[in-house]
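Asker: As given, the protein sequences belong to chains A, B and C, one line each in that order.
Take the first sequence: its letters are residues 0 to 262, numbered as in numbering that gives the first Met the number 0.
Take the second sequence: its letters are residues 0 to 549, numbered as in numbering that gives the first Met the number 0.
Take the third sequence: its letters are residues 0 to 311, numbered as in numbering that gives the first Met the number 0.
These aren't lab readings, by the way, just hints derived from the structure by calculation.
Certain hints may be false.
Unchecked claim - Not the full set, but computed from the structure, chain C residues with beta-carbon under 10 Å of chain A:
1) I226
2) N228
3) G242
As the list claims (entries may be wrong) - From the derived model, a few chain B residues whose C-beta atoms are all more than 12 Å from chain C:
4) K73
5) K133
6) Q172
7) E192
8) K260
9) I380
Glycine included, every Cβ here is placed at the ideal spot set by N, Cα and C.
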Amino acid sequence: MKRKFFLLLPALLVLICLLAPVLAPWDPNKADPTIKFAKMSASHWLGTDYLGRDIFSRVLWGGRRTMGYAALVTAASAVFGTCLGMLSGFTGGVFDSVVMKGSDILRSFPGIVLVLIVVSVRGVGIGSVCLAMLLVRWIWYARMARNLTRAEMGRTAILASRLSGSSWLKILRRHIFISILPEMLPVLSLDFGGALLAISGYSFLGLGILPPDAEWGMMINDGRNYMEHPGMMLWPGLCVVFIVISVNLLGDRLRDKLEVRRS
Amino acid sequence: MKRNVWSILLIFAMLLSLAACGQKKTTEGMPQETQEQGAENQEPEAGAPAEEKGDTLVVRAAKDIGDMNPHTMKSQMFAQDWVYESLVAMKNGEIVPELAERWEVSEDGKTYTFHLRDNVKFSDGSDFNSKIAKKNIEAVMAHADGYSFLQSLSSITGVETPDEGTLVLTLSQPCNSLLSDFTFSRPLVMLGEAGFPAEGDPYDYGVTEPIGTGMWVLKEYVADQYAVFERNENYWGEKPAFQYLRAVVIPDVNTAASSLKAGEIDLMMDSTQITAELYEELGAAGFYTAKAPTTSISNLNINTAGEITGDLQVRLAMEYATDKQAISDGIFNGLQEPATAYFSTEVPYTDTGIEPYPYDPEKAKQILEESGWICENGDTIRSKDGKRLEIDLIYDSAVTKDMDIGLILQSQYAEVGIQLNIVPQDSQVYRENWTKGDFGVLIYSSWGGSYEPYATLAAMAKDGDKFNTVQKGMSNKAELDRVMLDCLSQTDEEKLAENFVFIMQSFHDEAVYVPLTVTNKLGIMRSDMTGMDLATGQDSMDVSGITWAE
Amino acid sequence: MIRYLLKQMLGLVPLLFLVSAAAFFLIRLLPVDPATAYLNSINAPVTEESLQLVKEELGLEDPVPVQYVKWLGQVLQGDLGNSYQTKRPVTEELKTDLKYTGILALAALVWVLALSTVFGILSAERANSFWDRLIRGFTFVGAAIPKFWLGFLLVYLFSLKWGVLPVQGATSLSCLVLPSFTLACSYIATYTKLLRNSILEMKNQPFVTYARIRGFTRRQAVWRHVIPNALLPVLTALGLHIGGMLSGAVIVENVFSWPGLGRMCVSAVAARNYPMIQGYILLMAVIFVAANLISDMACAALNPRIRLGGNK
């Protein structure tokens, strides 16, 4: 029960961030310098920042953006990587070895270098950062999907399906995808945490989401100028830590469950 | 698993309580607390005799000082000021003697005679005389293309040295900016003979050694970290009290403030980075703080050729709708005073006494109403002919201060029915759009210092310059350009004053600029030192008078 | 062994080629032409004449493939051009910056190896004790905490509140403590977890039981057999994490004003200093390739199965 509670809490945070346009009590960009650095109060739950903007509203809107883009990058790289991996595992041969060699090389290539290349060409902005992240993040999915597919290929059900003349697309969809999906879920969860950290990090460096729009990493960067008012830095930071811990825990739990099922 | 969760909760709680401590500190009587903290931090300093009353002054440099070439723009001006000197200098907007004790200008404005100071020696012991001055000026003239901001270079036709102590410049046409051109930190400053490279000019080949006549001599330099200067024992004027001057590179201003608190640096001076909050916080913590207005004005530039801002009535409404005091109070805690015109009142000729537009939102609404911009269908934003009154404020995404001001303007303009969209742009794109005129409004500070007024006027009158783009849509732009160019060489004082009245009146009537605030130079120093002087230009750092307090 | 090494090296050549091409085409892919970009970044006026001059200076008049070959030739000789801002050779600028990033990364590595071994062994040996739980809690929080946030938290506590460590600088060893720990933190968490799991797994392996039967005490069995074997995956993972560490260093250097590659590079991007960006990209690629090779070799030396080709 307590465990559920610990997963329920982040789910709640995600939900209220998603509903920021409805729930946020203030316009996140509405500046009112007469009330800057306000303390926590009934009207400004977490106080206000250096321009008198409501921190609570900004945390909600920021979460919506940070988590939204992290989800986008994770989903896109998962779909692309999984498809490529399954294809590669299914067809084998030259295609397989090219994909695997490529992913082998890029596997741990410093992400920042790609971000810098894309940003230098396209200019700073969240689009550039997402694109650059996508370029490396599909690899893990591709490798996993490929190895799982290879393992699945030997199963009798698939052999039977092949013999009965099912199209390859159908086999991939009906049999392989269904059976490797549970294996991919923990990775997805862990990867989401990583993507969230990366996006907020790039925004912190001023390469990702641009002000005045709120974003957790950028809010922390704003706060560095006003260390005497730690609230500005504290809340978005706690949110990042909280969400990342939660998805990591979720990933671990999914993996544990998977192992139990397997044995 | 369950225990795992609990231990995480435990750590989380620890983090929260840590943060809560921090939070509490600020809510309960912050000033006293920080004061105590400041005192605590300084105590170990006092206990360390080696540090205390030492002979090294440690200052913060926002950037690496550079290669110390006096004829190029790749070094920091404050460091060039420490090492090199010119014939004249600028202080409080006025031209004062430096290496030239006095000077005369002929009636027709075409001959400048400088009488050089006697017994001035370079830091290597060699003499400063008219010959070396000529060599420097000619080396700069040979690369006139590299200094578009110097109007005088193209006019100088001859440099003569009748004797060791006299230098005569002859000009093809009068040039009002000649003296102020000599007050720039570079390139018209004096490098010692031994500093010239064998291959050619310093502009192309760098310097063999940074030898100047200034107060300080570069002694040690570690790129991107620090530079140590030693007192120039040959200096002609009053020598500084400190034997050594150490400039430590700390790009981030908050890190610099922390270093100041920790006693790692003695002082910082800056006109762009120090925030009002830092200034007040350190002042409350017992540090010596001082401020002085510079001649640089932060202006809202309205694109007179823009789609919506091309409408003079819209521009006028924006003038009336801008509450400068709110910006001054809100962002700068009142440290930066509201501005009255594009140029600072200190800039010669430009203080023409034209009354700036007052803050009057009702008047702004009335102007818009009368010119056909009305609120329709319950929209709080006005529109005319199906066009909404939306204006883009573009800013360089690396300079968030513009955005801060923009957000405040956004809420002020919303009051009168103008929607201001804040559009961050990549530096490169920003500069391009500005030059192309692809924007509604933007915020830019006038150059100030030695640039005003002549270098600015030249840029404004030059087709293709970003300063020109903003004015493209003015009804009298052609006439204005002619007058601005005339200012550069007009020798008749009366005529010159008339020209400036015309220029300032045009800026005002056409509502091209909304002057926002007067930029400040702020200085913060440890409390046991005195003698900080902020009168020199916004980019220099005059530390000559600083000593330990008695 | 040498054949294995050569094979690995050959595999990395395409990467180097790709990166060099990316670095080269960086300037050519810009929405504005490179000569204008250059003039803008040094704040010079853009005129017909100055454009022509810059085009000659940067060698932009040759056809693109010729430019690439020329450029590659220069790069191989160690000439990456001059920084737009300082006009000094890029190689020289990179050299000093690299030294500082190297020191930072090494110090972080020391933290990682020291703390994760201690934590991992402690946690596995005393499984489910108070310490174990605390360490496992740390592994979760440590992996989730953003580096920039942790950095500020540490500065706030250690420098501003308690005044025990300097805020910034790179002049003494004490300056190194906070940045390197900040960089190391998430890796300490990861490796502690890895080590704990792998020790616990090893303990049930038959060879441990066999060692006990042979008369070793439990402790001896663990120290002689379990831990050395458990460290192997940690070493392998370290090689893989070099890339991540270099990325992380960018953030840490910016937080602590550490004069390393990362800080240089972010300011180069802001100033559109393309030669520096090119230099950074190439250098990163080379470091990355070298680190991967070293880690491959270390693993091969430790585990003969790999170098005999059984890693598929």
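Asker: Determine for every hint whether it applies to the structure shown.
Answerer: Hints and how they fare:
no., hint, in the structure
1, I226, "violated, 24 Å"
2, N228, "violated, 22 Å"
3, G242, "holds, 4 Å"
4, K73, "violated, 6 Å"
5, K133, "holds, 27 Å"
6, Q172, "holds, 22 Å"
7, E192, "holds, 23 Å"
8, K260, "violated, 7 Å"
9, I380, "holds, 32 Å"
The structure does not agree with the numbered hints 1, 2, 4, 8 stated previously, though it agrees with the rest.
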